[in-house]
Each structure stands twice: as structure tokens, then as C-alpha cells.
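Add chains Y, H and P with the ligands to chain X, keeping to what the hints say.
Residue numbers (the numbering used here), protein chains in the order written: chain X, 1 to 428; chain Y, 1 to 277; chain H, 1 to 246; chain P, 1 to 359.
I should point out that these hints are in silico values taken from the structure, not numbers from a laboratory.
The beta carbon of each residue, even a glycine, is placed where N, CA and C say it ideally should be.
Check each hint, because a few of them may be wrong.
Stated by the list, open to error - Derived BS3-like pairs (lysine-lysine); straight-line CA-CA distance at most 25 Å:
no.	chain 1	residue 1	chain 2	residue 2
1	P	K289	P	K121
2	Y	K271	P	K289
3	X	K30	X	K5
4	H	K218	P	K289
5	P	K203	P	K8
6	H	K178	P	K33
7	P	K200	P	K9
8	X	K330	P	K33
9	H	K155	P	K71
Said to hold, decoys possible - From the derived model, a few chain Y residues whose C-beta atoms are all more than 12 Å from chain H:
no.	residue
10	L34
11	D39
12	G80
13	H87
14	S93
15	E139
16	G142
17	D169
18	W184
19	N204
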Amino acid sequence: MRDGKINVHYVTRVEGHGNIVVDLKDGAVKELRWEIPEAPRFFEAMVRGRSYADAPHITSRICGICSIGHTIASLQGIEAALGVQPSEQTVLLRKLILHAETVQSHTLHVFYLATPDFLGVNSVVPLATTHREDLLRAIRLHRLANEWSDLLGGRTTHPINLVVNGWTRLPAPDELRGLRQRITEAIPDLEAWVGIFKTLEIPNFQRETEYLALQRDDEYAFYNGVIASTDGGTTPVPQYREKIHEFVVPHSTAKHARAARESFMVGALARFNNNYEKLSPLARWAAEEMGLKPICYNPFMNNVAQLVEVAHCLEDSMRLINELLARGIKEEDRSVEVRGGTGVGATEVPRGILIHEYTLDDQGTITGANLIIPTNMNHNNIERDLKALVPAIVGQSQEEITLALEMLVRAYDPCISCSTHLLNVRFA
Amino acid sequence: MTDQGISSLYQPTLAEMVKIEQLTEKEKLFTLYLKDGRDLGHRAGQFVEVSVFGIGEAPISVTSSPTRNGTFELCVRQVGDVTRALHRLEPGSIVGIRGPFGNGFPVEKMRGKDLLFAPGGLGLAPLRSLIQQVLDERESFGRVIILYGARNPSELLFRDELAHWEARDDVELYVTVDRGDENWTGHVGVITTLFPEITINPRNTIAVTVGPPVMYRFVLIELLSKGIQDGNIFLSLERRMKCGLGKCGHCQINNVYVCQKGPVFSYAQLKELPEAI
Amino acid sequence: MMKPKIAIFDFGCCEGCQLQIVNLEEELLDLIGLVDVVSWREAMTGHSDDYDIAIVEGSITREAEMERLKGIRQKAKVLVALGACAHIGGINCLKNFFDMDEVLEYVYGKDAGHFDTIPARPLSAVVPVDYAVPGCPIDRREFLEVVKALLLGKKPPIPNYPVCVECRAKGNVCVFDKGMTCLGPVTRAGCGAICPTYGNKCEGCRGLVDDPNLDSHKEVLQEHGLSVEQILHSFRMFDGYMEVAR
Amino acid sequence: MPLKVIDKKNMASFVTSLMKEREVVGPVAKDGKFVFSPIDDYSQLRLDCPITLLPPKQFFLPHEEPILKYKLGEAVRSEPVIEAPPRAIIGMHPCDINATWLLDLAFSTDNLDTNYMEKRKKAIIIGLDCNQPCDEHAFCKSMGTLTVEGGYDLFLTDIGDAYVVDYGSPTGMELLARHKGAREATGADMARFRAVQDAKWPKFTYKLEMSISELPNLLGISYDSPLWEELGKKCLACGACTLVCPTCYCFDIVDRLALNLKEGQRLRRWDSCQLPEFATVAGGENFRKARSSRQRHRFFRKGKYLTEMFGKVGCVGCGRCARSCLVHIDPVEVYNTLKRTGIPGGWAQREVAAYQQGS
Ligand SMILES: Cc1cc2nc3c(=O)[nH]c(=O)nc-3n(C[C@H](O)[C@H](O)[C@H](O)COP(=O)(O)OP(=O)(O)OC[C@H]3O[C@@H](n4cnc5c(N)ncnc54)[C@H](O)[C@@H]3O)c2cc1C
Ligand code: SF4
Ligand code: SF4
Ligand code: SF4
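Here chain X stands alone, though its shape is the one from the complex (with noise of 0.2 Å):
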């Protein structure tokens, strides 16, 4: 197909709403726009005036995907602005319910939303039939991080009891072993799902770009770090600004973004490029069975990156309850004083870096906020990527280019409910 137009409404089998719309003349691309037409719903409008106490759960109800994450960043910006330092305890928990959301959304993506593309079917429903034992391990792995959230945060999603220097509920030292127990179990049908990715034929394109995620010197970093590039320097995640640049496209309610480059990239891939040395064992077989290698270009890799870090979730969270374990379970005191100031907090979600900012006044109320949101991030790559990619498949028929088009937009697995909660580029 040369000539005419694509119009993909609505990508299905990702969260949120998102449109292709291409317009091709003799071969090349007139126009390619990634739209995203999802109703904002201004969060950080939304929060000024209620109390700092409240934020982590607001926030959390920016997405239903990386609602822990959200808790998180929302709870170390205020957190920072108080000038609260949470214990080692709140710590270590905080970072195995991220590894469950982390692992409950990438099986999510990779099982449920993506492999349907590799296997040719439109949803996972069909392969309960043509390949149920897979769809079974992968239901398993999927439930036991749902389990392993719910035992952690009271649900799956909009967790409950993480608040504001502490934890309202602490699980109980047996509930840990048991949820170890179940990690352990689970490695093998990781192990299988490595083994049935490693047979996939995953488009080959690359396209060099810039990817963006925190870093730490003791561990592949999840709950928090410096912002690192793999085009090398890092910066501190309250000079956030300093490197991260968004600015409003007419065709989007979502943001866009760029760092020194034109356009960056976050998520697994851009975690596994800048801090493929501190994976875990486990996650460097994964990577090594799957092929997967630093610097990595191909964005359809990033399914694979996905992958390998649920093999690195799986693994870390048996050294944070074995970390836990030995310190044994304490009720800590979570009393905070309050006071005014500002402070950020970045974590990294399933889908990058996601920054929170808040500004509190002296009783602690919410003045002003500012939340940059990884998919918001990739949209200019995505968009990018898209441009590069048309040229390469024009050959094939209308149908093909739009799985194609589709298929690269699912594999950034965006969060397009997320990415429409914008921040305000006037910080109050």
C-alpha cells in the first residue's frame, strides 16, 4: 500500500484510548500522527486544597495498572516536602509491593495484551483452547502477583494501607513466608514462559534513541535513584526538570516530552539498557536465553526486557522477605510533623520513571502539584518510532502495516488513562 490513509481508532488491547492516523503519498509519509483523544481528568488540579495526608490515594486513581506506583511516588513528594525519612521496615515492604505491581503488570502485558499479536489471535481468549497449559502458567503467574498485592496492600489495585511514613496494616511474619513459598514455586513457569519467548520471531527494527531510568549503585533500581541516561551523566531526581522538557502537542491530551535528544524512552528496555549489570541471576539467564543485550535499540524488545525483569522481580522479593524475615516485623510509630515545603518523589513503574512533585503550605495542605507520567514520556518516541517504521513496511498490504503500526504501540505498552493526568508546566 503507497497510497492513502490508515486510521487506527482506538488501539485496542492497551490501557487506555490511543489513535494511528497515517497518510501516505507515493510511498512516503505525509503525515503520521499517535493521538491520544482520552479525557483528561486533572489530577494535579484536583489535589490542591486537600490534605497531604490524602495524595497517596488520590493519585492512585490516576491508573488502574500502577496504582502502587502511584501510592509510592505520591507518598516519597510528600514525604520529601514533610522532610520524613520512612524506616528501613516501610522501605523494604514498599519495595515488594512495587516488584508485585511490577510483575502483575508486565505478565499482564507481555501474556495477556501482547502475545495474542506473536500468536496471531485478536485476545488471549482463543489460546484457553490452542494453548492452555501456557495460558494457565501464565494465569498463575499473574494471580500470584495479584495475591502477593493483596496481601501486601489489602487489593490488587488502589492499595490501602500504605500511608505517609509507614503501613496501617503489616503482614504478619508467616503471611511473608507463605508468599515466599509461592515465589519459589512460580520460577518455573517463568522459566517456560523464557522458553516459549525465545522461539517468537520478534520484528527486527531499531531505531537509536536515548532511553532514561533511575539508578542506584547497590541495586537494580525500582523504588528510587538518580535519573541516568544511557547517553551517559545522571541527575538528581529533584533537578528532574533540568533533563525531562514537556510540552503540549494540538493532537494529544497527553503530554510529550524530550531530554537532550529529540525523544526518549522509559520503561523496561530503557531500565535493562542503563542497569543490565544489577539484574538479578535469574533475569541475566532470562536475558541471555531470550537474547536480549545492552544497548538494545528495538522497541519490540521491550516485551522481552518485561520478561526479564519479572524474573528479577520474582528473585529480589525472596532477599527483601529474607531481609525482612531477619529484622522481623515491628510496629513502628508513623507520626509525622507537619510542615511546608516541596518535595518530589520518582519511582520507577512498570512503564518508567514516574515523577510526583508537591508543593504543602504550613498546615499541610496541597498547593500545587506536578506529575510526569512515563508514558507521557514515550508518546514523542512512540510517535518517532512509528515515522521510522512506515517506510520500512510500505511494501505490505494495508492490513499488515496496521498490525505492524499496532503492534509496535503495544509493545510500549502505554498507559494512555495514566499519561492524560498532565502536569502544569506553571508550578505553583
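Frame of chain X, contents of chains Y, H and P with the ligands only:
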């Protein structure tokens, strides 16, 4: 019985629907028999708990006479989950039956007396069991007067039977509807407007009225003004009921469990129960 | 039994409630055996306009969405509101306490002109809604019970008593005894009092019971130290569309 | 058989040996308060617990329990479900023992409810005397429930470093005989036992301004008291008072089909007369629509109806309802207010007064 041989009061007996008849838009008449071959063995005015498995249980009065064995009948108005589910059933369907429960009408006390029946609407369903028994044993009762009121002609239950009673000269039947329609030539007005038409011997009359709570307040005034004694006026009360065994608490009126001491009460009893009407 | 055709739609929301359906895992496969899912953008490609039951998530926050919702209502025999956003407006209504132009400008700055928004509202503010699965997010068990009830022709078993009932029956320590405040006494149960069970207050995500004793509850909140302003804020979290939050 | 004694240091082995043959339930700590819960280690047991949030009724009448299971289809089948594992409940205070006794009567009078009774029959009750009031809300002394006349298998009294153990049934006697740690009470033990008992009684106060025998009559004349309206205004209708009450036993019955829609269960679960739809029937008529009428019903049940039905007082003075009521409705205050505002002397004396005035 459980595996350990323990029996349970909550275990229904299975019953099969042999006949289902649409009486009005909202009411159907179900004829059933117990699959274990037993007779239901009820008294007039008693009720059973009917199970539609998967949906729930509802208390329903037995509308057929104890004098007619083998099968029994239930007349059900479709109002909610269980009753709607019953209406969806076809002949041959299986339901569960617990009971009969409750006291029933004081038939022995009625023998030799004149009887005044005043059912309103669906109230005819429970009363019909008594009327049928009285007619089957006609000689042991005095006058039989029936004052029946419905909202409109299309809501009149058991029309064939009404015609049959009308035709008998040992039954005095008066029917009224709140609102008539083009074909209605009978009496129009609420049930209390029928009372001036009859004269009775209050000393020898037992009155039974069954209907919705609002009706009771007005019918009672009529019955009392006719001079019938408190102890000779009987009502059948509806309450929410779950167990039928005097445990679940739903049917309690003051200190009385309707499923145990009722559903039939004399007005003399009800005067002691301020929550009753 | 004919398999009813089900379509799932979403409006302004976090899609967390749909996610709970996905999270049914194996049971989702069983469910799919009983119904015919003809449209579900988040989980499948393909769409059909021929459906019996529409399950709709999210609140209405833009003019154009009203028409889309009315279209869905017209096609569906039964319309079920899924989750707090659809049921009572939910978290989205927090923005209703600001001026819409100001909100747009606060978020989009000088580019605000590209976008439109109206005060957020529940589905029932636009079309008749037959049933609701309350909660932010919905409870997976309850969702299954509602679907089963629809298949069986029963009224969905959504309780009309407060969260305290479930909370006390679980033997929880009331959070009022821990120095917090709670909307449990006026909020519709069905979640298993999950928040107090996890040591936190009920934030009222399931909406109010039919006949709440709000006056008395407000006195309780005041007795436990909340100002009138703070009481309003508590209710605005999820019940912002309702009288009680204004 | 003389009283026996188990030294506290031997309690662990006593409880542990019980755990070998049955589930052992006792008070354990929860969030700074206490609940009855199955234990898997003696160390979890908190016999020093003043009072639990919920009474032990959940072990005889669970919050939700299957009573029937069935299969649909061509051949409909249904059979009762009765789950009754052998259990020992340890640490039940006199109020709860008295309350359980009342429940026993309720579930065995007229119609024997096997779901309750089987669980009850398979449970050993090991009571524990209260040497001081659990807190300011307790009014057991007023209700005559600070002592027990029966309803237990064993009954412990804490005399410092040991428990004096009384038995109330052949099962209890046998259990005691079997346990090696139980020894005969010495003279010194008995002296301490008597001292504990003597010291205990004055620590409790009478809180009702009337004798309990007067209560049914007091309520009888208070049906139209303006107090009910006042309570109705405050009441949140949250059901807390009845859910935590050891003598409340009203329940609901619901059907629940499995997802295959082919088999299912009938469940019973706690209900409460305080909830708005407790007495609603089809057609929408609600026989106790006003919160005031529901509150009245509750107090009449506790103070009058249950006594009339079973000859035992329906409130055991544990104070749980008052403790859990967010708007501070307290039975002691309710009954005392009725007494103060009602006609002095109650029904009988009013009759006498009327007679003397010649009316
Ligand atoms: C002794 C006795 C005898 C009876 N005899 C007959 C008879 O012969 N024939 C007959 O048709 N009926 C009879 N009834 C009435 C019958 O029991 C009820 O109509 C039936 O229980 C309704 O059950 P259901 O599951 O169909 O309705 P449900 O689904 O339980 O409810 C039906 C309607 O009642 C209302 N309702 C029910 N529960 C609630 C609630 N919790 N909150 C608010 N509203 C509620 C609603 O409006 C609902 O639509 C008798 C009742 C009693 C007590
Ligand atoms: S109700 Fe809550 S969980 Fe559900 S879609 Fe709305 S914000 Fe998300
Ligand atoms: S914690 Fe909340 S829901 Fe639970 S009993 Fe207390 S007030 Fe009710
Ligand atoms: S406890 Fe309250 S806030 Fe929590 S899920 Fe239930 S209704 Fe929602």
C-alpha cells in the same frame, strides 16, 4: 441427612410441579406433589417454604384444602426473586418444600358457627384452603358469607371457583372491585363498601379476613361495628420470613414469632401486639 | 440458555475496575463460557454493536461523551455502572469544586484552548442505569455475583446496609478507637470493610446507603475532631457528586 | 470430687494436649484488643484478656455458614451441610457462658437446629472467672451474670500462680482426671480461692437502678416512651450493637450458585434487626421502618421478650454494644432513664396506686 446421618430442618423435600395455570397477569396457580410420596398433611391456613434452588426460599400459603389429598396447590404472585423464578418454571420442574408451618385457621372452633370471610386481593389464596374445607364439610358449619375485593376485575383470582360459589345457594358471595372496567357489571368500591349489604348474628359469627396491612385497619372497624367479638375475628399476617422455625427473627412481632404462633391471629391476640397492624 | 451478549465500555477513569475483571483469572475463563463478550477494547480487538448487557466504567467528563453514552443505552437492554466513577462520579468529581476554565489552565497552561471538560458526573446523571457494581475499585467477588444474578434473573445482591456491619462481623478494631475517622457508618457495604480491615479508614468509595443518618454521623465525626470543612473533604473524596459533599 | 488446681506453669501442657485432639479457641491479641481465634501455639493464648471484641457465638453460629448444598439439572439433589469440628473454647467469661446458655435454649426449644447444636455439642467450654470488671462498660453484676450455674465443662479461677478448676459436666470431669498437671487443691489453695472470691464481688458495682426482675415490666410500660425517638435520632443503624452481642442470633438465608450455575449452596449469615430492611416484605411494606422502632425492638428483645421465651435474661451485661456504639447508646443508661422517667415502681405498683385511688 448429612453423611454423618444428622438431619436438618433446613433440608427441603423435593416436589414436582404437575400443573401450572396462569390466573391473572401476576398470579399463577401451581399444583405439586411431594416426590417422597408423602401427603403434605397441612391444615387450612398453614404455609410452606418453597425453594427454587439457586435462587432462594419464600413462604407461600397452601391454597388447596386439607381435605383434598395427593397434590397441593400454591397460588403465587410474582414480586421478587423467588416468586419470579417460580413463574418461569414449567410443569415437571422440581422445587423444594419445607413445612407445613404455622398454626392455620381454628377450624374446630368454627364448627357450628356462621362464617364471614373477607379476603382482599391475594388474601384469597390462604383463605381458599379454608373455604374449600368448609364447603367439603358443609354440613358442620352455619352460614358461609364471602366478601371478596380486588383492585380491578382482571385481578380477581379463581374466577371459575367464584362462579361455582356464586351458583351455590349455601354460599353468600359478594364481590367488589376498586375500579371497574367496561365489562364489569358488579359492585364497585373498596371491600368495606360490601359490609352494609349483609346482616349477621354477631354472637354466632366467626370472621376471617386476609389481605394487605392497609386493608386490615378498615375491615376491622367494620367487623367490630357489626358486633363480632375480638376473639372471633381472625387475621392472617404477612411478615418477612427466612426459616419458618422461630429462629431467624425476621417475622417477629413484639414477642411473637409469626411463623410459630401465627400466621393466623385473633384480633384479641393482636391487641396485645402493638407492632402487628 | 441463550448466552447473553456483553459489551464493556469505559469513560473517564483509571480502568482499574476493568482490571479487576481481568484479575478474575481462571474464573474469567469460566465466565466467558456463560456469556458472549462482544466488545471489550482493553482486552480484545474487534467490536460489535449487538449486545444485551452493557457494562460501563468511568464518569462523564466531556460533552461528546454524553452522546456516546446515550447510544450505548439505546442498544443495551441492561446497563450496569461499573465502579465508583460510573456509579457515583467517584474521584473525578474532586475537580467539580474548581472552575472548569481554571482547571484547564492549571493543567495545560497556555494550551488550554485545545481541550474541553465539564464537571464530572455519574452515568445516572445522563441516562437511566439499571444496576451498579460499587467501589473504587470494584470487588471481584461482587462483580461475579452481579453477573450471576443477571444471568439468573435475580436482583443483584448489593447490600443496603453500612460498611460497619461487615467490619464488626469481622471482629475489626474500629478505626475510631485508633484515633482516625471513618465513613463506614453511612457507606454502602459489600467490600468486606476492606479498608478498616487493613487498618485504614473507609473513604466512602461505594457511595451512601439509601437512608443514611448523616446528621448523627457528622456529630460523631466532629466529636472525633473533624471540622465542618474536613467533614466535607472526607465526603468529597468519592461522593463529590452528592448532596452531602456540597 | 474436691476442686482441682492446675499450676500456671502446667497450663501450656494442658492446652497443648487439648490441641492434639481438637481445635482450641481462645482470646488472642488483635490491634491492641482481643478476639477469640483458633490458636496453634499456647503462647498465643491471652487468658489475661479483659474482654473480646466479638463474643464466642461465631463458633456455634458462624458469621456465614453453608446449611445446604445442591445440584441442579435433570435430577435435582440437595443435602444438608453441617460443619461441626471438635473444639475447645477456653477463656470464656461468665457473661459469655450465660449468653451461650441462652443461645442453646433458643436453638433447641421447639425446633432443634442441628447446625447450631452439633457445633455446640462438639465443643468443650472452659470458662474463666473475672476477678475484676473488664472495663467501665461491664454491668454483669446488675444482670446476675457475674456468676455461672452451669453451661461450662470446666471453670477456672485465677488464684495467682495457679487456676482452681471446677467441673460442670462429666466431660469436664474426665478431662481433668486425664490431665496429669491437675492436682488436688490444698488447704492453702482453697484459702486463696476464697480470698479471691471475697475480694472480687465488691470490685463490681450495681449499675442498674432496679432489679432485673423488674426489667420486663419496666419495658412493658415504656412502649411509648419518648426515649425511643431520641435513640432513633442518634442511631446510625450500623448494626454494631447486635453483631457484637453474645445473645443476638437473628440470621438471613441466601442462595449462592457456583459460577457453572449447576451447583450451589444455601448459606445462613448474621443479620440484624437494626438494619433498614430486616422487616421489609415484598410490596415494600416495612414493619419497622423507623430507627426508633428498631432500637425499641432491640431493647425489648434483650430486656423482655427473650426472658419471657426462655426464662433467662436476654442481656448478659458484657457491655460490648455500648463499647462499640459510636453514638454512645448504652443499655444501662437506657434502662435507668426509663426507670427515672417512667412511672415510679413500675407496672404492678401503678396498678396498686390506681386501685388505692379508687379508679
Ligand atoms: C405466611 C405467609 C404466607 C404467604 N403466602 C403467600 C401466597 O400464598 N402467595 C404469594 O404470592 N405470596 C405469599 N406470601 C408472600 C411471599 O412470601 C413473598 O411475596 C415472597 O417471600 C417474596 O419473595 P421473593 O423472593 O419473590 O421476593 P424478594 O426478591 O425477596 O422481594 C420482592 C420485593 O419485595 C421487596 N423486598 C424484598 N426484600 C427486600 C429488602 N430486603 N429490601 C427492600 N425491599 C425488599 C422488594 O420490593 C422486592 O421487589 C406469603 C408470606 C407469608 C409470610
Ligand atoms: S472506580 Fe476507581 S478503580 Fe474504578 S475506574 Fe474509577 S478510579 Fe478506577
Ligand atoms: S472502622 Fe469504620 S466501618 Fe468499621 S466499625 Fe468503625 S466506623 Fe464502622
Ligand atoms: S471500606 Fe469504604 S473506601 Fe474501602 S472499599 Fe469499602 S467502601 Fe470503599
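Against the structure, the hints:
no., hint, in the structure
1, K289/P <-> K121/P, "violated, 38 Å"
2, K271/Y <-> K289/P, "holds, 20 Å"
3, K30/X <-> K5/X, "holds, 10 Å"
4, K218/H <-> K289/P, "holds, 22 Å"
5, K203/P <-> K8/P, "holds, 24 Å"
6, K178/H <-> K33/P, "holds, 11 Å"
7, K200/P <-> K9/P, "holds, 24 Å"
8, K330/X <-> K33/P, "holds, 17 Å"
9, K155/H <-> K71/P, "holds, 22 Å"
10, L34, "holds, 25 Å"
11, D39, "holds, 32 Å"
12, G80, "violated, 7 Å"
13, H87, "violated, 10 Å"
14, S93, "holds, 15 Å"
15, E139, "holds, 48 Å"
16, G142, "holds, 47 Å"
17, D169, "holds, 47 Å"
18, W184, "holds, 34 Å"
19, N204, "holds, 48 Å"
Of the numbered hints stated above, those contradicted by the structure are hints 1, 12, 13, listed in ascending order.
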